[in-house]
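Novice: Here is how the chains run, residue by residue.
There are 2 protein chains.
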Amino acid sequence: MEKWLVGVDLGGTTTKIAFLSKYGELLHKWEIPTDTSENGKNIIVNIAKAIDRKLGEFDQSKDKLVGIGMGAPGPVDVTKGIIYEAVNLGWDQNTPLKDLLEVETGLPAVIDNDANCAALGEMWKGAGDGAKDLVCVTLGTGVGGGVITNGDVVHGVRGAGGEIGHITVVPQGGFQCNCGKTGCLETVASATGVVRLANEQLDSTSTESVLRDTRNQKREISAKDVFDAARNNDELAKGVVDQLAFYLGLALANAGNVLNPEKIVIGGGVSRAGDILLNGVNDYFKQFAFPTVRTSTHLNIATLGNDAGVIGAAWLVKNKI
Amino acid sequence: MEKWLVGVDLGGTTTKIAFLSKYGELLHKWEIPTDTSENGKNIIVNIAKAIDRKLGEFDQSKDKLVGIGMGAPGPVDVTKGIIYEAVNLGWDQNTPLKDLLEVETGLPAVIDNDANCAALGEMWKGAGDGAKDLVCVTLGTGVGGGVITNGDVVHGVRGAGGEIGHITVVPQGGFQCNCGKTGCLETVASATGVVRLANEQLDSTSTESVLRDTRNQKREISAKDVFDAARNNDELAKGVVDQLAFYLGLALANAGNVLNPEKIVIGGGVSRAGDILLNGVNDYFKQFAFPTVRTSTHLNIATLGNDAGVIGAAWLVKNKI
Numbered sequence: 121m122e123k124w125l126v127g128v129d130l131g132g133t134t135t136k137i138a139f140l141s142k143y144g145e146l147l148h149k150w151e152i153p154t155d156t157s158e159n160g161k162n163i164i165v166n167i168a169k170a171i172d173r174k175l176g177e178f179d180q181s182k183d184k185l186v187g188i189g190m191g192a193p194g195p196v197d198v199t200k201g202i203i204y205e206a207v208n209l210g211w212d213q214n215t216p217l218k219d220l221l222e223v224e225t226g227l228p229a230v231i232d233n234d235a236n237c238a239a240l241g242e243m244w245k246g247a248g249d250g251a252k253d254l255v256c257v258t259l260g261t262g263v264g265g266g267v268i269t270n271g272d273v274v275h276g277v278r279g280a281g282g283e284i285g286h287i288t289v290v291p292q293g294g295f296q297c298n299c300g301k302t303g304c305l306e307t308v309a310s311a312t313g314v315v316r317l318a319n320e321q322l323d324s325t326s327t328e329s330v331l332r333d334t335r336n337q338k339r340e341i342s343a344k345d346v347f348d349a350a351r352n353n354d355e356l357a358k359g360v361v362d363q364l365a366f367y368l369g370l371a372l373a374n375a376g377n378v379l380n381p382e383k384i385v386i387g388g389g390v391s392r393a394g395d396i397l398l399n400g401v402n403d404y405f406k407q408f409a410f411p412t413v414r415t416s417t418h419l420n421i422a423t424l425g426n427d428a429g430v431i432g433a434a435w436l437v438k439n440k441i
Numbered sequence: 121m122e123k124w125l126v127g128v129d130l131g132g133t134t135t136k137i138a139f140l141s142k143y144g145e146l147l148h149k150w151e152i153p154t155d156t157s158e159n160g161k162n163i164i165v166n167i168a169k170a171i172d173r174k175l176g177e178f179d180q181s182k183d184k185l186v187g188i189g190m191g192a193p194g195p196v197d198v199t200k201g202i203i204y205e206a207v208n209l210g211w212d213q214n215t216p217l218k219d220l221l222e223v224e225t226g227l228p229a230v231i232d233n234d235a236n237c238a239a240l241g242e243m244w245k246g247a248g249d250g251a252k253d254l255v256c257v258t259l260g261t262g263v264g265g266g267v268i269t270n271g272d273v274v275h276g277v278r279g280a281g282g283e284i285g286h287i288t289v290v291p292q293g294g295f296q297c298n299c300g301k302t303g304c305l306e307t308v309a310s311a312t313g314v315v316r317l318a319n320e321q322l323d324s325t326s327t328e329s330v331l332r333d334t335r336n337q338k339r340e341i342s343a344k345d346v347f348d349a350a351r352n353n354d355e356l357a358k359g360v361v362d363q364l365a366f367y368l369g370l371a372l373a374n375a376g377n378v379l380n381p382e383k384i385v386i387g388g389g390v391s392r393a394g395d396i397l398l399n400g401v402n403d404y405f406k407q408f409a410f411p412t413v414r415t416s417t418h419l420n421i422a423t424l425g426n427d428a429g430v431i432g433a434a435w436l437v438k439n440k441i
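Chains A and B supply the protein sequences, listed in that same order. Quick note on the numbering used here: the first sequence kicks off at 121 and runs consecutively. Quick note on the numbering used here: the second sequence kicks off at 121 and runs consecutively.
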């Protein structure tokens with residue numbers, strides 16, 4: 121019997137679940153809402169029920185499944201199987217997530233941080249294309265990161281390995297970050313960061329710009345507005361994209377100088393800007409990277425989109441159970 | 121019979137050789153000059169002869185030795201056992217160092233980069249104290265670095281993993297680095313970098329300073345002069361040490377944000393400045409490190425000095441042969 125892997129990407133609003141073949145092929149994927157009421161006590165039970173229901177639909181029993189892997193939104197101790205904190209889910213500190221999963225699903229379980237799972241997913245089936253040394257950075261509402269060296273995730277001593285989004289790129293006078301410090305990559309390279317850079321330009325200059333008109337009309341601009349305007353040759357918007365490319369190129373070059381990964385994979389909503397962003401990032405990357413890194417480490421746009429997390433979680437089942 | 125490990129630290133001027141127990145105890149260490157004449161063709165033969173001679177002194181035969189490990193001054197492909205380039209030694213590109221060692225010594229051999237060997241040495245027997253996630257930075261004539269994650273060296277795709285010295289800390293208007301780019305940590309945190317910072321201050325201000333007097337008298341100041349003056353409350357020197365601490369704290373915090381290592385070990389001549397440097401670096405490190413990294417990653421001064429390389433090379437013999 122061909123067994124299946126279960127990959128779960130646990131988010132604060134929705135939970136993505138998938139059945140995959142042992143070769144990483146997505147056989148079936150679906151989503152359920154994440155119920156964070158009552159300190160999140162239903163979250164794991166709901167996942168277990170959803171899996172049972174889906175097995176029923178396929179007329180399969182539980183022994184069809186090898187095990188369950190989960191990417192969780194917070195720092196994780198993978199050895200103990202605990203999540204240090206998961207504020208968005210309502211859980212206590214040090215929730216024994218692996219044990220809860222095993223009890224409720226009856227399956228062997230393995231957990232990791234969600235950004236690390238995305239990196240594993242891209243390594244296995246995405247832009248990483250099997251590279252054993254890989255950095256993955258996800259430019260979304262925040263900036264997440266995952267680092268893989270010698271084929272395995274770098275967790276560091278307290279689960280904070282891969283915090284690419286908190287590389288300090290503005291040492292003095294940077295924006296305040298949610299993490300408590302200032303000048304983090306996340307403050308300028310997330311979707312909100314791009315808007316922040318644009319607003320700063322709009323407020324500190326009187327340069328004509330379609331973004332100024334947009335702001336006057338609907339009061340708020342989006343990261344997409346900025347990239348669209350830059351594509352239409354709006355000078356102010358082009359300046360903002362150049363700033364973003366500078367900060368991202370600097371941070372990724374310095375991660376590259378530390379790790380010399382085969383690939384640096386850029387994902388998340390902001391990465392959908394495509395070449396207008398990637399070309400600039402590449403230029404600054406080459407400027408700030410050690411010569412050997414410049415020629416051997418390559419930047420790529422992520423290819424798996426929202427599936428990276430469940431695929432990486434399934435990789436954990438295949439390789440860690 | 122208790123067998124010995126051979127550790128070799130190959131330098132451009134001298135080669136350090138040591139016999140160690142399998143527990144990493146230094147039993148005997150000595151140095152020979154590195155003969156770089158005739159494109160370095162005698163280097164490996166001289167090492168083989170030196171080992172044979174030393175075995176004779178101890179009245180031992182070759183089967184006393186488990187194997188030979190070497191740290192080499194250049195980027196290395198550890199799998200193929202080649203050194204990509206070693207300009208200082210006169211060797212051709214892609215010299216098959218492992219094979220040469222095995223042929224000339226008759227021992228199984230394993231090689232790595234010298235900075236990586238120093239990191240392994242500090243991990244095994246030095247300030248790393250067994251930490252499996254560790255960054256080592258050596259502030260000498262240049263700035264070397266080694267990165268260990270999950271207990272193993274990060275080489276990256278082309279041997280440039282751990283190039284901490286080439287983290288860009290001055291993105292705009294930085295000093296020219298030997299590597300070809302500008303603004304590298306090495307340009308400000310090596311022994312020559314500290315002097316460069318001091319000269320810049322002396323040239324661009326008219327602040328009174330004992331360093332100005334020194335320069336007027338003997339025309340050249342040293343990194344030690346700068347630290348001594350700072351300890352004696354010389355304002356200009358204190359400013360230079362603060363600049364150095366800022367750059368080093370920033371680079372190490374960003375390496376910490378990527379890796380969250382248990383320890384960051386600072387070695388090399390400049391690190392002998394001790395607390396006057398470490399305290400400042402710690403302050404900036406805490407300012408630029410992600411909160412979890414700030415509390416869980418610790419900075420330490422290296423403890424093995426010049427022995428780190430041979431001890432790390434012996435670790436390779438113990439673990440990779």
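Hints should not be assumed to be uniformly reliable.
The calculated DSBU-like cross-link candidates involving lysine-lysine, where the alpha carbons are at most 30 Å apart (straight line), are [what the hints assert, rightly or not]:
#1 B:Lys-142 to B:Lys-123
#2 B:Lys-169 to B:Lys-358
#3 B:Lys-440 to A:Lys-440
#4 A:Lys-440 to B:Lys-200
#5 B:Lys-440 to A:Lys-252
#6 A:Lys-136 to A:Lys-169
To be clear, the hints were calculated from the coordinates, so they are not data collected in a lab.
Novice: Now look at each hint and say whether the structure bears it out.
Specialist: Results of checking the hints against the structure:
no.	hint	result
1	B:Lys-142 to B:Lys-123	holds (7 Å)
2	B:Lys-169 to B:Lys-358	violated (49 Å)
3	B:Lys-440 to A:Lys-440	holds (23 Å)
4	A:Lys-440 to B:Lys-200	holds (28 Å)
5	B:Lys-440 to A:Lys-252	holds (19 Å)
6	A:Lys-136 to A:Lys-169	holds (14 Å)
Violated hint for the displayed structure: number 2, the only one.
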